[in-house]
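Protein chains: 2
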Amino acid sequence: MHTLAMMGNSFGKATVCFEPQGKKIEVEHGLTLLDAARIAGVGIRSDCGGRGICGKCLVVVKDQKGLSPPSDNEVRLLSSARLKAGYRLACQSVVEGDVTVFIPPESRLEARRILAEGLSRWFELDPAVRSVRVVLAKPSLLDTTPDFERLFNALKERGLGEIKIEHELMQRLPTILREANWNVEVILWMDEEVIAVERGSGERGVYGAAVDIGTSKLVLHLVDLRSGETLSVKMAENPQLVYGEDIISRINYAAFEEGGLARLQRLVIEAINSLIEDACREAGIERDRIYEVTVVGNTAMHHIFLGYSPKQLAVAPYVAVVRRSVSVKARQLGIKVYELANVFVLPNIAGFVGADAVADVLATGIYESDNMSILIDVGTNSEVFVGNREDIVSCSTPAGPAFEGMHLEHGMKAVTGAIEKIKIDPEDFEVEYETIDGAKPVGICGSGIVDAVAELFRCGLIDERGHFKKSLNTKRLRRENDAVKFVMAWRDETATGRDITVSERDIQEVLLAKAAIRAGIAVLMKERRVKEEDIAHLYIAGSFGKYLNPESALFIGLIPDIPLDKISFVGNTAIAGAKMCLLSRNMRKIAGELSNRIRYIELTAHPDFQKEFMNALFLPHRNLSTYPTVMKHISKNKGT
Amino acid sequence: MHTLAMMGNSFGKATVCFEPQGKKIEVEHGLTLLDAARIAGVGIRSDCGGRGICGKCLVVVKDQKGLSPPSDNEVRLLSSARLKAGYRLACQSVVEGDVTVFIPPESRLEARRILAEGLSRWFELDPAVRSVRVVLAKPSLLDTTPDFERLFNALKERGLGEIKIEHELMQRLPTILREANWNVEVILWMDEEVIAVERGSGERGVYGAAVDIGTSKLVLHLVDLRSGETLSVKMAENPQLVYGEDIISRINYAAFEEGGLARLQRLVIEAINSLIEDACREAGIERDRIYEVTVVGNTAMHHIFLGYSPKQLAVAPYVAVVRRSVSVKARQLGIKVYELANVFVLPNIAGFVGADAVADVLATGIYESDNMSILIDVGTNSEVFVGNREDIVSCSTPAGPAFEGMHLEHGMKAVTGAIEKIKIDPEDFEVEYETIDGAKPVGICGSGIVDAVAELFRCGLIDERGHFKKSLNTKRLRRENDAVKFVMAWRDETATGRDITVSERDIQEVLLAKAAIRAGIAVLMKERRVKEEDIAHLYIAGSFGKYLNPESALFIGLIPDIPLDKISFVGNTAIAGAKMCLLSRNMRKIAGELSNRIRYIELTAHPDFQKEFMNALFLPHRNLSTYPTVMKHISKNKGT
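First to last, the sequence lines map onto chains A and B. Letter 247 of the first sequence, counting from 1, is numbered 246 in numbering that gives the first Met the number 0, and no numbers are missing. Letter 612 of the second sequence, counting from 1, is numbered 611 in numbering that gives the first Met the number 0, and no numbers are missing.
The following block holds chain A by itself, in its conformation from the complex (with noise of 0.2 Å):
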């Protein structure tokens, strides 16, 4: 093509060939080792970002013809000895020719652990968005290649492919390459749009975001996108509490009000913006350096954020807008970050199982193991995923807000005051707690309200449909107008002055919860064919989960009667999965997989649901002989 050969400029081409990964790419001379291998998406660490200080990007080279010679830097970092046997720094050898390159395993940067709460997972680092640094010839009238096709050509010779790029960055893009003299650092998302194309110093970073909207809580994760580190987080309520505290308030309120949807659209995202504001100052980042944003939330918050109306949700056969990952442009949300930066929304399941179960499965990786899991993410609503990595299926329940503490006479939130842990004496009945914080009490949150049912039962105060045996003579036990209650602290002990009581409404109130999830449970492992004695790990995510006593789980039946040391608690595998998404592309495309793969079963329509919760309503479960560790304990109780 006479076109191209007129276009080329006057570089040479070569050859680097990569070991022991065995990638080969061809490179303008010129480039550094550490470009080269940056385009060859072969990571090579290095902590001074290029500047021949760190010495970290140490690679082998046996034949070095095709390089520079040594530095005055690797002359100063590397031992006569080490330049002898080959030994270079990446950044600081430039191609001038056919090189293969060795890169020892202390210079490898082949994969990130991220440890979110409670877990960890290797994968390596390739997020969406990549800054490339591209000189570009300077036009001459033997050469008078339009201004992006002389962007796209440079790009080309880097093995990228179709590009695309916005209406106003292209009207910007002359400006941008002559005030940058030609020599520009390019933005890239997905390899196929150029979002920013800036002057090339590289020394300004490329930053990204993830954001878990939850019902009740948001949580944001700045990220340095080079590293995979994360710099800051972030937490905050969301404000869309004043309009419910419940998913179905919330839908109601934005599919019914007048401009409702608009308004909770607008907290969310205004509370996200606070939240990047205060994460980028913490960091010393500017704000318009985060080039990516990552969001994951339930289907009802999805929809909210981005401005889809969450009206079908609330009503059979509960359908969502959309299931696959959907990316927004962050200034046709309103999200304050670089204005052509991507926003990636992870996929969803259905209508109650949301992008962030599907971020559960994948910070928890169960859709990669060989070994039945069970995975519970316990709020308002609780997913439930039974698989492994042949087939996953998945349940919403509406379990109720009881194990977040509402809907309880004495009942909160899991903040300074709450009561998470119980001890009941079996013989007085005298009864031990610990608060957060060893505050006095306030109330009981979610854990010591599953202690508290745990304990009754346990202790025989409560039978096995969680009715109190009056016969008991304890002064903790009393009635108040018609209500049993027993009183778990004294209001000389507590902060508010009042008894802290559990009544027997409580305590219906969980077993209903508790019933939900368990015969969800019991649903999805009939569907999948397994037995308890199948499971070879049970996942419990969300903040719930950090304090909740697995021994008092598996005594109410809240989970199926395993060994305990199967029982993790992954905390908020939602923002480990959303962060996951921003640092790999793999991992998205598995998100998208997963959306696809992992069957929705609604238990409202199944046939063995009514059966199963209302076998789930008995401690542990009408069918005793299901939970063998339990039957011990009442029988031995029964012995005394």
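Hints are computed from structural coordinates only; laboratory data are not their basis. Heads up, a few of these hints could be off.
If several chains are the same, the list does not tell them apart, and a pair holds so long as it fits within one copy or across any two.
[As the list claims (entries may be wrong)] Think about it this way: if two alpha-carbon atoms lie no more than 25 Å apart in a straight line, the pair counts; the simulated DSS-like pairs of lysine-lysine are:
| # | residue 1 | residue 2 |
| --- | --- | --- |
| 1 | Lys163 | Lys588 |
| 2 | Lys64 | Lys439 |
| 3 | Lys631 | Lys22 |
| 4 | Lys83 | Lys439 |
| 5 | Lys525 | Lys55 |
| 6 | Lys12 | Lys64 |
| 7 | Lys328 | Lys163 |
Quick caveat, the model's predicted, so the values are computed rather than measured.
On the provided structure of chain A, position chain B as indicated by the hints.
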């Protein structure tokens, strides 16, 4: 994939094979053959829009086992002999199983004749925008596929791949689908983006507009994208004229005046919006049914229209912002058609060989001919092409506006009262002229001035350098303030009450303009190594061409000396090319290839240009041997 199985609706599938095209497609039962043909991209005529009235969609089906029995309409419209012979109406025949369909020639819609002024070309009607009617299964508890995936799956069954959708349309999708009761018409762009979803009726039509932004004139064609028919043609002056008649003044205004670019862009877009409004009113269609706009213009007009600064076009090395075609949403530009409609701006070739020139080449088809052609688009800047299917070279010559009647003492545009034809009697030098609309003469337009110079030269009134032979005695030749002039029309004949003259200065202007074009042709012919006798066609495009006398053009040496029957005037090929891109994706593809393939020769940097220019300043040329036809005349004249 279990999820897909769950989503699929309950219709069966059948294979429909179209002959003689040999195209096979799998479709749902229940579609008509006309639907199937549209999906398969096989053109079948239908004037009534599939209502079984016009009888144009006649097909022959030998084995009708896979079809519904003939409808009442078919029985009424087709003779029993035809029915027996297997004739059916495609719009009435419903697919119920595998079927092979023969489309007789009279029903084929394989190609459409595009009639631009002066030329016609055949191509398959295959616009970037098409509408697809889909009837979706309603969601149920057993099929909770989200709205977008429901639509996506239906389109996938019609053979479409990944589909994008704009954020706002996704927001509106749930409401649209439910209000339409799941029976919708989907407007697709390039089969890759859903740009509109509407209540399924298909009655409202799918339209497009082609726009030519000339430096002085705007032309708009409103087109029915289903039939290819042009519904309305509108023209207007380019309102940017008040900021300078020539391109350089506009570029300077846009590049250096505060807010200049935005002002010029707004002017042209407002003018286009008026044309759209007028055209829609004339055709009786709604503006928001225009789903695609194609635009051509020279590179400066292209840049200003898109809001790109044309600054670099004014200074060496004359670099454009972009060469390839540009697609922008109409609303990003403020074009008042359907807001998510795409505006497709044709690619250009170089700073002064623009999208209009690509359209010229496309419309004349010189790129697919084995024969060698010359194509000249005469304007303020003239573009010249020389080549054939193998290779085309191009250049731009700053011919100046002399051929548009400007910069001449009595020059004017080709409007009412302009002298457009001139004959001078070689004996008594008396003048015969014709004016546009036969009105009293006001001035001389481009074709008139070419005639004038040719006639003055033919009659020996001027020499080969364009100087009057002062020795000749005629009262029409006179000196006014040191300037020698020839009177073409006496004051008592004119509308102005003044003599209309042609001065030596005017003749020099014409010579400069013609020499620039002629030198361009010469350089390109040399570059392509062709001689006069190799030229099979010479196309003259631009409105100037319509009135030009080819003999005069040859006589003054504006074009090479070739037989007159090889010369065609092809009118506004720019708008013709824009319309072809509106109606055919293939033409769009070819336009892209042409913009890459056509070599651009920068004349000012070419070693031969100066010499050729100097040679062409003579009448007809310094090397008289290259103009045997003219030589014969001159020697004949000299002989008398």
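Structure-based check of each hint:
no.	hint	verdict
1	Lys163 with Lys588	both (21 Å within a copy, 17 Å between copies)
2	Lys64 with Lys439	neither (74 Å within a copy, 83 Å between copies)
3	Lys631 with Lys22	neither (60 Å within a copy, 72 Å between copies)
4	Lys83 with Lys439	neither (69 Å within a copy, 95 Å between copies)
5	Lys525 with Lys55	neither (52 Å within a copy, 59 Å between copies)
6	Lys12 with Lys64	within (15 Å within a copy, 64 Å between copies)
7	Lys328 with Lys163	both (14 Å within a copy, 14 Å between copies)
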